[in-house]
Amino acid sequence: MYIPSHDDIKKFLAKVEGQFALEKKSLIPILHAVQHEFSFIPEYAMQEIGIMLGVSSAEVYEVATFYSFLEVEPKGKYHVALSIDMPSKMAGVDDVALRLEKELGIQMGETTYDRMFSLEWTGCVGISDMSPAMIINDKIFHLVTPDKASEIIKKLRAGEEVENELPQSYTNELTYDQVAPDSGLKNALEMSPQELRDVVKESGLRGHGGAGFPTGMKWDFCAAAEGDIKHVICNADEGEPGCFKDMLIFTRFADKVIEGMTIAGYAIGAQEGILYMRWEYAFLKEKLEALLEKKRASNMLGMNICGKQGVDFDIKLFFGAGAYVCGEETALIESIEGNRGEPRNKPPFPVTDGLYGEPTNVNNVETFAWVPCILSKGAEWYNSAGIGKSKGYKLFSVSGDCEQPGVFEFAWGMSLNDIVKITKAENPKAIQVGGYSGQLVPASQFDRVLSYEDLATGGSVIIYGQERNLYDIADNYLEFFIEESCGQCTPCRWGNQVLLNHVDKMRQGNVTDKETKDIKTLCETMVLTSKCGLGQTSPNVLKNLMNDFADQL
Amino acid sequence: MNGIKKMVTAVIDDTTVTAEEGTTILKAAQSVGIKIPTLCQHDDLKPKGLCRVCVVEIEGYNTLQTSCTLPLAEGMVINSNSHKVRKARRDLIDLELSSHTGTCYTCNRSRNCTLRELADECGVTEFRFGVKEEPEHEIEESGLFIVRDMNKCVQCRNCERACKELQAVGAYGMKDRSNQIKIAAFADKDLEDTVCINCGQCITHCPTGALSVKDETEQVWDLIEDPTKHVVIQTSPAPRTAIGECFGNEPGKEALTFQLPTALRRCGFDKVFDTTFTADLTIIEEATELLLRLKKVLVDKDETVALPQFTSCSPGWVKYLEHFKPEMIPNLSSAKSPGQMFGAVIKTYYAEKNNIDPKDIVSVALMPCTAKKFECNRPEMDDSGFKDVDYMLSTEEIAAMIKEAGMDLRKVPTSEYDNPFGVSTGSGVIFGATGGVMEAALRTAIEVITGIKVEDLFDHANIIPVRGFEGSRVAEIKIEQVGAVPDILKGHFEDWEWLKGVTLKVGVAHGTANAEKVLADIEAGGPFSECHFIEFMGCPGGCIAGGGMPRPVNLDIRKARASLLYNEDMIYETRKSHENPDVAHIYTEFLTDGPCGHKAHKLLHTSYTKRGLIVD
Numbered sequence: 001m002y003i004p005s006h007d008d009i010k011k012f013l014a015k016v017e018g019q020f021a022l023e024k025k026s027l028i029p030i031l032h033a034v035q036h037e038f039s040f041i042p043e044y045a046m047q048e049i050g051i052m053l054g055v056s057s058a059e060v061y062e063v064a065t066f067y068s069f070l071e072v073e074p075k076g077k078y079h080v081a082l083s084i085d086m087p088s089k090m091a092g093v094d095d096v097a098l099r100l101e102k103e104l105g106i107q108m109g110e111t112t113y114d115r116m117f118s119l120e121w122t123g124c125v126g127i128s129d130m131s132p133a134m135i136i137n138d139k140i141f142h143l144v145t146p147d148k149a150s151e152i153i154k155k156l157r158a159g160e161e162v163e164n165e166l167p168q169s170y171t172n173e174l175t176y177d178q179v180a181p182d183s184g185l186k187n188a189l190e191m192s193p194q195e196l197r198d199v200v201k202e203s204g205l206r207g208h209g210g211a212g213f214p215t216g217m218k219w220d221f222c223a224a225a226e227g228d229i230k231h232v233i234c235n236a237d238e239g240e241p242g243c244f245k246d247m248l249i250f251t252r253f254a255d256k257v258i259e260g261m262t263i264a265g266y267a268i269g270a271q272e273g274i275l276y277m278r279w280e281y282a283f284l285k286e287k288l289e290a291l292l293e294k295k296r297a298s299n300m301l302g303m304n305i306c307g308k309q310g311v312d313f314d315i316k317l318f319f320g321a322g323a324y325v326c327g328e329e330t331a332l333i334e335s336i337e338g339n340r341g342e343p344r345n346k347p348p349f350p351v352t353d354g355l356y357g358e359p360t361n362v363n364n365v366e367t368f369a370w371v372p373c374i375l376s377k378g379a380e381w382y383n384s385a386g387i388g389k390s391k392g393y394k395l396f397s398v399s400g401d402c403e404q405p406g407v408f409e410f411a412w413g414m415s416l417n418d419i420v421k422i423t424k425a426e427n428p429k430a431i432q433v434g435g436y437s438g439q440l441v442p443a444s445q446f447d448r449v450l451s452y453e454d455l456a457t458g459g460s461v462i463i464y465g466q467e468r469n470l471y472d473i474a475d476n477y478l479e480f481f482i483e484e485s486c487g488q489c490t491p492c493r494w495g496n497q498v499l500l501n502h503v504d505k506m507r508q509g510n511v512t513d514k515e516t517k518d519i520k521t522l523c524e525t526m527v528l529t530s531k532c533g534l535g536q537t538s539p540n541v542l543k544n545l546m547n548d549f550a551d552q553l
Numbered sequence: 001m002n003g004i005k006k007m008v009t010a011v012i013d014d015t016t017v018t019a020e021e022g023t024t025i026l027k028a029a030q031s032v033g034i035k036i037p038t039l040c041q042h043d044d045l046k047p048k049g050l051c052r053v054c055v056v057e058i059e060g061y062n063t064l065q066t067s068c069t070l071p072l073a074e075g076m077v078i079n080s081n082s083h084k085v086r087k088a089r090r091d092l093i094d095l096e097l098s099s100h101t102g103t104c105y106t107c108n109r110s111r112n113c114t115l116r117e118l119a120d121e122c123g124v125t126e127f128r129f130g131v132k133e134e135p136e137h138e139i140e141e142s143g144l145f146i147v148r149d150m151n152k153c154v155q156c157r158n159c160e161r162a163c164k165e166l167q168a169v170g171a172y173g174m175k176d177r178s179n180q181i182k183i184a185a186f187a188d189k190d191l192e193d194t195v196c197i198n199c200g201q202c203i204t205h206c207p208t209g210a211l212s213v214k215d216e217t218e219q220v221w222d223l224i225e226d227p228t229k230h231v232v233i234q235t236s237p238a239p240r241t242a243i244g245e246c247f248g249n250e251p252g253k254e255a256l257t258f259q260l261p262t263a264l265r266r267c268g269f270d271k272v273f274d275t276t277f278t279a280d281l282t283i284i285e286e287a288t289e290l291l292l293r294l295k296k297v298l299v300d301k302d303e304t305v306a307l308p309q310f311t312s313c314s315p316g317w318v319k320y321l322e323h324f325k326p327e328m329i330p331n332l333s334s335a336k337s338p339g340q341m342f343g344a345v346i347k348t349y350y351a352e353k354n355n356i357d358p359k360d361i362v363s364v365a366l367m368p369c370t371a372k373k374f375e376c377n378r379p380e381m382d383d384s385g386f387k388d389v390d391y392m393l394s395t396e397e398i399a400a401m402i403k404e405a406g407m408d409l410r411k412v413p414t415s416e417y418d419n420p421f422g423v424s425t426g427s428g429v430i431f432g433a434t435g436g437v438m439e440a441a442l443r444t445a446i447e448v449i450t451g452i453k454v455e456d457l458f459d460h461a462n463i464i465p466v467r468g469f470e471g472s473r474v475a476e477i478k479i480e481q482v483g484a485v486p487d488i489l490k491g492h493f494e495d496w497e498w499l500k501g502v503t504l505k506v507g508v509a510h511g512t513a514n515a516e517k518v519l520a521d522i523e524a525g526g527p528f529s530e531c532h533f534i535e536f537m538g539c540p541g542g543c544i545a546g547g548g549m550p551r552p553v554n555l556d557i558r559k560a561r562a563s564l565l566y567n568e569d570m571i572y573e574t575r576k577s578h579e580n581p582d583v584a585h586i587y588t589e590f591l592t593d594g595p596c597g598h599k600a601h602k603l604l605h606t607s608y609t610k611r612g613l614i615v616d
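Chains as they are written, first to last, in the numbering used here: chain A, 1 to 553; chain B, 1 to 616.
Just so you know, these hints were derived from the structure itself, not from any lab. Hints may contain errors.
[To be verified] Here are a few chain B residues that face chain A, going by a calculated C-beta distance under 8 Å: (1) VAL55; (2) GLY60; (3) LEU64; (4) ASP91; (5) LEU95; (6) SER99; (7) VAL474.
[Stated by the list, open to error] These stretches of chain B come out as covered by chain A in the derived footprint (C-beta under 8 Å, 3 or more residues): (8) 164-172; (9) 255-261.
All C-beta atoms in this analysis are idealised placements derived from N, C-alpha and C, irrespective of residue type, glycine included.
The task is simple: from the sequences and hints, build the whole structure.
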């Protein structure tokens with residue numbers, strides 16, 4: 001077993017040092033580089049990195065142990081991670097796990113003696129419509145069967161290359177296909193930043209990450225915030241189980257995101273953009289780098305964009321390292337700064353006190369992708385679609401028990417009955433809208449509609465058939481939240497475990513009235529006191545079970 | 001608008017409150033006498049809003065808000081104890097208790113645990129969310145100064161934040177996340193195996209019994225019981241200001257200086273000495289060393305001599321320098337700390353004088369400091385031929401011994417300290433507060449060099465410019481005239497003419513985060529680089545808030561304790577180190593080749609280790 005010496009580590013760091021700014025913000029990129037080289041992050045490396053960046057080794061260690069794709073213990077050359085989300089579970093990932101355990105002679109969470117393979121579970125990989133999903137280092141695999149998994153392992157053992165499998169989701173007709181590249185940006189640059197923001201406001205565009213904050217208003221706040229340096233961040237930490245529409249956007253319409261960010265930069269007066277990608281999407285790195293290069297070459301990025309004097313904007317890629325909570329915008333900002341992805345107290349909000357304390361506009365991938373469409377087709381085109389205050393169009397990623405999963409573009413306002421019909425689902429028992437943090441809706445309520453006012457969602461829709469066990473679902477969700485909580489605040493750190501224990505008690509049928517009352521109060525406490533959306537929404541599934549499925553338990 | 005802060009007005013619990021813009025709801029509530037319970041909040045540290053216990057209900061907000069982080073805003077209507085708030089608060093305490101193991105009656109914080117108080121205040125009467133029967137974490141107790149029981153940790157991160165914000169050490173971080181999260185030293189090693197300066201600020205900022213000072217009282221009791229042993233104890237100045245807190249006194253109420261000798265004798269110690277004696281000795285040695293350095297620089301034009309000279313009495317500070325700026329070790333005075341000097345003197349001078357075999361002497365010290373437990377175990381601290389100080393006990397440990405012996409220290413009759421070190425000076429006493437060492441040094445330096453009485457320059461010899469609680473400060477005194485060299489220093493200096501016209505510049509810094517800034521300033525050629533002498537104390541406020549002092553601690557408590565020292569300073573007949581007759585005796589009787597002479601060097605001075613930041 002090769003464990004690098006202190007000297008090996010010093011040599012490696014001396015070699016790569018020049019690629020990084022020697023500041024805390026380089027911590028996660030450096031840790032990725034070290035792990036890439038040594039398959040894990042040795043103790044000497046953490047200490048040397050601490051000295052390099054002027055932070056204590058304990059600080060390096062706390063970051064390295066926060067993110068699930070960073071390892072401080074020796075691991076296998078190949079980190080084999082299986083997606084444990086419900087769509088993968090429903091598609092038989094447990095059988096794949098059993099086969100891999102047998103094939104490799106280790107249990108989940110272990111590393112083979114020769115340090116070739118480590119086997120572990122991971123959250124949603126972002127291809128729920130092609131479940132089960134597997135990720136090995138920075139390559140992803142879909143529709144993984146036990147045989148397919150065995151074959152991949154055999155190839156790796158034999159030293160053969162395995163190809164990343166590009167996801168190919170089914171889609172209906174998409175607006176993105178119809179909007180000419182750069183047309184939105186060119187129109188935007190014809191306007192003043194204020195006019196541009198007014199168009200976005202008029203369109204009714206709201207955040208597509210799930211929270212639904214009016215985009216134009218956010219841009220106004222950020223534009224008005226004091227500060228010479230402002231940032232535009234694209235939140236591509238698509239971690240909500242069952243959500244894979246950002247994955248589709250990046251594989252097919254990444255230029256729309258870049259264009260949207262550039263427009264946002266102009267609208268708020270920012271020169272710097274950061275595209276924060278979850279580590280699961282690392283296979284897109286080269287493609288995105290090439291795209292950014294192309295945009296620079298065609299003057300769609302860089303100085304004096306499209307020849308317009310003083311419009312400067314460029315984008316850097318930043319890769320996370322495995323943390324669902326980094327989808328929360330302040331946790332994401334912490335992560336970029338080189339810290340544990342722990343959400344901040346709000347207020348202050350990022351629009352005034354964001355990255356490095358500077359005004360920062362964070363939007364979701366899809367929000368940015370709609371922006372050039374709106375600028376190209378007009379605010380009215382967008383706001384004339386939808387329902388109520390939910391204007392325009394939205395991508396929905398649908399997976400689970402249905403014949404036609406995939407990514408669908410609908411105007412807001414589709415009912416769940418519509419979804420059942422379109423995806424050819426057969427008499428589902430329940431539909432999860434908005435990912436694990438959303439709502440589990442019983443069949444009796446399928447007339448409810450997808451909208452910010454009724455069933456809000458960042459795009460995840462998971463369909464559960466009649467044979468699915470509600471307790472299994474609740475267990476899976478709560479185990480996910482227990483794994484993904486950052487752990488800083490009391491309600492979320494301990495509360496999720498208490499909820500999970502309660503599900504077990506419910507399953508066994510021995511819950512007293514007092515316990516039910518206490519748990520309902522606890523759910524309320526978590527909603528009221530958790531620092532961020534994770535702990536505020538993780539009780540949803542239990543609340544749904546108790547309130548909406550009482551007759552089915 | 002410069003300097004004029006905007007005021008905001010809001011209503012908390014039907015009470016109108018006006019506060020400066022930016023004031024947190026918590027502080028605003030406190031200002032009108034409304035107490036909002038807190039757990040992770042500490043006045044010394046930046047608010048983090050981790051425990052959520054301080055949540056309040058605000059009209060117009062969907063969720064409850066943490067009052068420790070949210071600033072009061074104009075027109076807010078706040079309820080700090082609505083039904084919603086009370087239910088949530090109790091749930092939060094219940095959740096914290098569901099992961100807490102440990103029994104209150106064996107806990108070192110049974111007297112003043114914040115979690116226990118909260119459980120009481122918030123109406124917790126049962127473990128609604130379960131209780132952990134078996135401890136999950138092994139107790140870390142193999143080190144010299146600290147015991148870490150993570151089973152009692154409430155994840156407030158006060159230890160981590162104190163270490164980083166106050167001390168700039170960063171020995172702690174979090175390990176893992178969610179319910180696996182744990183406060184850990186680097187790589188989850190034992191704290192003392194990592195870059196740690198043993199200052200114990202983590203312990204004094206811990207709200208529960210998770211962190212405590214390593215208890216060595218049992219060993220000391222056993223030795224007291226051993227008839228072949230002569231057990232002596234020295235008591236340093238800071239503990240006397242706070243030991244009363246362990247018996248129920250409010251901070252700052254009284255110093256129990258002269259109750260201690262009685263109580264400690266009743267505990268069975270054979271002799272009780274006052275460390276102020278060696279504080280005075282330290283002044284003589286350190287000041288002589290400084291004058292020697294100055295002469296080399298000013299007269300001999302020797303450029304290899306390191307200036308400014310740094311004080312070396314604070315072992316936390318010393319270890320900080322050894323880890324973080326080993327290249328500046330030459331600036332550190334070679335003088336041992338007063339406690340260690342005393343140890344060396346007891347097992348030599350005192351032993352000789354009283355015909356006691358030093359191997360039979362057990363030398364104990366009452367110290368405000370956890371770093372001393374490390375210091376007395378440094379291999380170089382054996383110049384007497386034996387371990388100079390055998391046990392360094394913290395204020396809480398000594399309080400526990402006194403309690404165990406059935407005494408309430410506050411009610412014990414007073415008595416004097418034992419000879420031959422019975423005379424205390426005011427200078428020796430103020431060593432316990434930030435700026436105190438510098439003030440003591442200046443009192444002596446001014447008189448020895450200029451021949452002018454300090455009182456003629458500073459009212460009542462109180463050198464106010466070096467006092468206070470700002471993180472760092474500088475002061476200067478121009479030497480307008482010089483006097484005669486005292487006999488004791490004639491071996492080193494013929495006259496002071498070379499100091500005439502020199503402006504003596506001194507600096508003070510406390511808390512190693514401030515030390516870090518001062519060191520950076522020196523490197524950058526800032527005002528501190530021009531200093532000749534800088535006092536560094538490892539802990540914020542100095543020894544009066546050391547890691548071995550009673551908990552809790554905050555700025556008000558530090559001020560209250562410091563004021564007791566300065567009050568005590570005023571009661572002494574002799575207030576200057578060089579006027580201490582016992583100090584004069586030791587130089588005539590024992591250290592006959594004078595300050596910084598050969599014998600003094602062997603017994604009273606030491607050397608340091610370059611440690612750096614890498615551990616294996």
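Verification of the hints:
1. Taking 8 Å as the C-beta contact cut-off toward chain A, the hint placing VAL55(B) at the interface holds, the least distance being around 5 Å.
2. The criterion of a C-beta within 8 Å of any C-beta in chain A is not met by GLY60(B), whose closest approach is roughly 13 Å, and the hint is violated.
3. Restraint check, LEU64(B) versus chain A: the minimum CB separation of about 5 Å is within 8 Å; hint holds.
4. Interface hint status for ASP91(B): upheld, as the beta-carbon distance to the closest one in chain A is roughly 4 Å, under 8 Å.
5. The closest approach between the C-beta of LEU95(B) and any C-beta of chain A is roughly 4 Å, which is under the 8 Å cut-off, so the hint is satisfied.
6. At its closest, the beta carbon of SER99(B) sits 6 Å from a beta carbon of chain A; the interface hint therefore holds under the 8 Å criterion.
7. Here the hint on VAL474(B) is broken, as its CB sits about 26 Å from the closest CB of chain A, past 8 Å.
8. Requiring three or more residues with a Cβ within less than 8 Å of a Cβ of chain A, the coverage given for the segment 164-172 of chain B holds, as 5 such residues are present.
9. A stretch counts as covered by a chain when three or more of its residues have a beta carbon under 8 Å from one of that chain; for the segment 255-261 of chain B and chain A the count is 0, and the coverage is violated.
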